[in-house]
Amino acid sequence: MVERTARLRRSLLIAWLALGTAVAAAGAYWLQQSSVLPIERVRVEGALAHVTEVELREVVGRHSGGFFRVDVDQVQRDLLALPWVREAAVRRVWPDTLAVHVVEREALARWAAGGLVSREGRLFEPAEETWPEGLPLFEGPTGYHRMLAAQFDGLSAALAPLDLQVVRLSADARRAWSLQLSNGIELVLGRDAHYPRLMRFVRVYPQVLATRESDIRRIDLRYTNGFAVQWNGAAASGWATRESPEGGVVRV
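Residue numbers for the sequence shown follow numbering that gives the first Met the number 0, beginning at 0 and rising by one.
FYI, nobody ran anything at the bench for these hints, they're computed from the structure.
If a hint is listed, it holds; no wrong ones were tucked in.
Label pairs and their in silico Cβ distance ranges:
no., residue 1, residue 2, range
1, D70, A112, 30 to 38 Å
2, R217, Q150, 17 to 25 Å
3, E128, Y222, 39 to 47 Å
4, Q73, Y194, 42 to 50 Å
All C-beta atoms in this analysis are idealised placements derived from N, C-alpha and C, irrespective of residue type, glycine included.
Build out the structure end to end from the sequences listed, making use of the hints.
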């Protein structure tokens with residue numbers, strides 16, 4: 000009798016476990032259907048300058064599935080495929096919302112071969128009508144945009160006390176650098192020592208060049224202790240820096 004009761008209990012336990020498993024499986028299947036707890040809202044987070052909420056909602060709208068079924072990882076990958084999106088995160092918010100947070104790329108310059116260069120040195124190609132105005136131009140061999148981007152902020156900071164900006168930064172096939180300033184002057188920096196050579200110009204400019212900047216076409220800084228000035232419509236003139244406490248300049 001005791002053994003029969005034990006077998007009956009085991010049978011009932013197995014039956015309840017089987018029933019519970021079946022109910023759980025049915026419930027899970029039901030929750031996975033797109034018609035159950037559908038996504039009704041898309042909440043956009045983050046500051047937007049070039050990507051619109053409409054674009055982000057369109058990306059999310061391409062994905063079917065209810066709250067539990069929608070593939071948030073794929074939604075995130077599709078958001079990252081938008082040219083202006085640098086970072087994207089997607090999360091579910093109970094019971095019917097997807098929260099989308101994006102961080103946009105910051106355009107640093109135009110790339111002469113096409114597209115834009117981001118501040119982290121990545122080349123990307125958004126629609127031209129979304130490009131910010133006033134971006135400097137980068138020119139150089141294929142893939143060289145990363146090197147130019149890495150040095151751009153330092154060069155710009157060096158020129159800031161003179162109230163001058165870099166409007167074009169170039170590297171030729173020999174990796175020799177030059178830049179054009181906002182006042183129209185071209186500075187030739189050469190293949191190395193870019194920053195020290197630029198600082199020589201920064202020190203000299205207020206002393207002897209600022210008053211004649213409209214007459215200057217090009218300044219070659221590829222000299223150990225001086226530079227050469229090419230005047231508009233004239234031959235080049237040489238200048239040398241004197242190593243003195245005053246940091247004087249003498250024409251040669």
